[in-house]
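> Sequence:
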Amino acid sequence: MPHKATPQNKQHGVALITALLIVALATITAVAMTSRQQIDIRRSANVLNLQQARAYTLGAEAWAQQILWRDARSSSSDHLQELWAMTLPPTMVEGGQLSGRLSDLQSQFNLNNLLKADGSVSELDVQRLQRLLTYLELPEELIAVMIDWIDSDTDPTLPNGAEDNSYLLKDPAYRAANQLFSSVSELRLLHGMTDEIFQQLRLYITVLPQRTALNVNTMPAALLLSLSDSLTSSDVEMLIAARTEKPAETVSEWLAQDALAGLDIKTEGLSVNSKYFLLHAEAQIDTAYAQLFSVLNRRSDVITVIRRAFDPVDYLPAYAVVNTTDTN
Numbered sequence: 188m189p190h191k192a193t194p195q196n197k198q199h200g201v202a203l204i205t206a207l208l209i210v211a212l213a214t215i216t217a218v219a220m221t222s223r224q225q226i227d228i229r230r231s232a233n234v235l236n237l238q239q240a241r242a243y244t245l246g247a248e249a250w251a252q253q254i255l256w257r258d259a260r261s262s263s264s265d266h267l268q269e270l271w272a273m274t275l276p277p278t279m280v281e282g283g284q285l286s287g288r289l290s291d292l293q294s295q296f297n298l299n300n301l302l303k304a305d306g307s308v309s310e311l312d313v314q315r316l317q318r319l320l321t322y323l324e325l326p327e328e329l330i331a332v333m334i335d336w337i338d339s340d341t342d343p344t345l346p347n348g349a350e351d352n353s354y355l356l357k358d359p360a361y362r363a364a365n366q367l368f369s370s371v372s373e374l375r376l377l378h379g380m381t382d383e384i385f386q387q388l389r390l391y392i393t394v395l396p397q398r399t400a401l402n403v404n405t406m407p408a409a410l411l412l413s414l415s416d417s418l419t420s421s422d423v424e425m426l427i428a429a430r431t432e433k434p435a436e437t438v439s440e441w442l443a444q445d446a447l448a449g450l451d452i453k454t455e456g457l458s459v460n461s462k463y464f465l466l467h468a469e470a471q472i473d474t475a476y477a478q479l480f481s482v483l484n485r486r487s488d489v490i491t492v493i494r495r496a497f498d499p500v501d502y503l504p505a506y507a508v509v510n511t512t513d514t515n
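When you read off a place in the sequence shown, starting at 1, and then add 187, the result is the number in this note's numbering.
FYI, nobody ran anything at the bench for these hints, they're computed from the structure. Here the structure is a predicted model, which means the values were calculated and not measured. Possibly wrong hints are sitting among the right ones.
[Claimed, not checked] With a cut-off of at most 20 Å between alpha-carbon atoms, the simulated EDC-like pairs for lysine to aspartate or glutamate come out as follows:
(1) 433 - 258
(2) 303 - 342
(3) 303 - 258
(4) 453 - 436
(5) 433 - 269
(6) 453 - 473
(7) 453 - 258
(8) 433 - 445
(9) 303 - 455
(10) 357 - 324
(11) 357 - 342
(12) 453 - 440
(13) 453 - 416
(14) 303 - 281
(15) 433 - 416
[Said to hold, decoys possible] For each label pair, taking beta carbons as the anchor points, the in silico distance ranges come out as:
(16) 215 - 386: 25 to 33 Å
(17) 253 - 346: 48 to 56 Å
(18) 487 - 439: 43 to 51 Å
(19) 455 - 250: 13 to 21 Å
(20) 431 - 370: 31 to 39 Å
(21) 398 - 450: 23 to 31 Å
(22) 242 - 214: 21 to 29 Å
For every residue, glycine included, the Cβ atom is placed at its ideal position computed from N, Cα and C.
Whole structure, please, built from the sequences with the hints as guidance.
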């Protein structure tokens with residue numbers, strides 16, 4: 188005869204299934220809690236590693252300030268054979284590695300040089316920028332657009348300038364800054380600017396908060412060619428070879444070289460020393476990676492950080508003094 192399920196047996200079966208469900212739910216909950224805990228631990232570790240990496244890059248900034256301070260005390264000129272110009276190779280630090288390098292921002296054309304202190308156009312700097320654009324095969328019409336962007340009036344420079352009338356038609360609409368450039372990335376806003384032009388030009392330009400001289404000891408070939416229509420590539424090769432062997436101590440000494448004999452080189456806006464430098468530091472702790480871009484201003488024995496960002500330098504915000512350090 189078939190076995191008949193009694194009410195008691197049914198209750199035992201329901202209790203067993205319930206117990207199994209409870210165990211299953213408890214197991215799922217425990218696994219979820221463990222997984223969540225592991226994720227939280229990893230997230231916390233990533234945050235701590237990133238903060239540690241950023242702290243190391245700030246340490247590299249302090250190192251750069253010391254290097255520039257010592258350099259100012261030991262020499263009156265700046266060139267690419269000095270200690271500040273040497274790349275700090277990847278160096279082992281606790282938990283990872285750190286590297287960094289300093290570059291001379293006065294080896295690049297300062298876009299704010301296009302205007303003199305009184306707000307008038309600097310024809311000499313316009314001519315130098317024209318030669319640079321010609322060398323790079325970029326449209327010279329951009330110069331008028333740049334000047335209109337930073338001059339104080341709202342009248343476009345004829346025939347190729349651009350003021351509010353050009354920018355208000357864009358979507359979204361905006362106005363010309365009518366003040367000095369505060370970031371290289373502002374170039375992207377200019378009328379007629381393309382990403383291709385920007386990527387070519389950004390290698391040779393910078394934006395500094397005041398008029399600055401070009402350092403003949405550190406300028407790249409393209410900018411050396413911008414100093415005169417008469418300069419040739421072979422002349423520039425000779426200049427670079429000469430400064431590698433013996434950097435100029437004065438502009439007059441640099442001008443006396445055979446490669447410049449008989450050439451009409453305007454010495455205004457030229458120098459053999461620099462006040463503005465860029466630090467690019469990188470640190471990696473475990474899988475966390477941080478980089479720091481700091482613009483350093485050297486004035487006598489005072490090294491000032493005037494701009495700092497943990498992102499690519501061309502996207503830095505407007506100038507602001509974030510730290511002042513007297514390195515003694």
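> Decide, hint by hint, whether the structure agrees.
The hints, checked one at a time:
no. : hint                  : result
1   : 433 - 258             : holds, 17 Å
2   : 303 - 342             : holds, 18 Å
3   : 303 - 258             : violated, 30 Å
4   : 453 - 436             : holds, 18 Å
5   : 433 - 269             : holds, 12 Å
6   : 453 - 473             : violated, 52 Å
7   : 453 - 258             : violated, 28 Å
8   : 433 - 445             : holds, 14 Å
9   : 303 - 455             : holds, 13 Å
10  : 357 - 324             : violated, 27 Å
11  : 357 - 342             : holds, 18 Å
12  : 453 - 440             : holds, 14 Å
13  : 453 - 416             : holds, 12 Å
14  : 303 - 281             : violated, 49 Å
15  : 433 - 416             : violated, 25 Å
16  : 215 - 386: 25 to 33 Å : violated, 53 Å
17  : 253 - 346: 48 to 56 Å : holds, 51 Å
18  : 487 - 439: 43 to 51 Å : violated, 23 Å
19  : 455 - 250: 13 to 21 Å : violated, 35 Å
20  : 431 - 370: 31 to 39 Å : holds, 32 Å
21  : 398 - 450: 23 to 31 Å : holds, 24 Å
22  : 242 - 214: 21 to 29 Å : violated, 42 Å
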